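Mapping the sequence shown onto UniProt numbering, position 6 (from 1) lands on 6, and the numbers just tick up by one.
Hints are not guaranteed to be accurate.
Label pairs and their in silico Cβ distance ranges [what the hints assert, rightly or not]:
id, residue 1, residue 2, range
1, M12, Q66, 41 to 49 angstroms
2, R47, N25, 17 to 25 angstroms
3, E24, R61, 29 to 37 angstroms
4, R17, R73, 56 to 64 angstroms
5, K5, Q66, 43 to 51 angstroms
6, S6, R73, 29 to 37 angstroms
7, R63, D27, 27 to 35 angstroms
8, K5, S29, 20 to 28 angstroms
What the hints contain is simulated information worked out from the structure, not anything from laboratory work. Note that the coordinates shown come from a computational prediction; the quantities given were computed from them, not determined experimentally. Even glycine gets a Cβ: it sits at the ideal position worked out from N, Cα and C.
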Amino acid sequence: MQGLKSEELADMAGVSRSTLSRPENGDASVSLATLLDVCNTFVVTDRIIDAVDPYETDCGRARASQGLPQRVRRLT
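All chains should be built: construct the whole structure from the sequences, respecting the hints.
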């Protein structure tokens with residue numbers, strides 16, 4: 001989205017320009033909902049979801065399998 005002004009991006013995301021500038025300046029107090037609104041504007045929400053999905057990393061898959069039972073009894 002080269003050439004897009006920050007005011008235009010803020011309008012597309014439904015936030016104010018000052019809210020949009022906060023994460024740009026390292027302010028961590030921006031809500032997750034606002035951050036996802038901006039990500040939706042850039043159409044990168046799926047990439048964000050993949051980045052935090054525990055099944056997308058070797059470590060996450062290993063930890064997820066730790067919670068599974070070792071044996072499952074068959075019901076008859």
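Indices of hints not satisfied (ascending): 6
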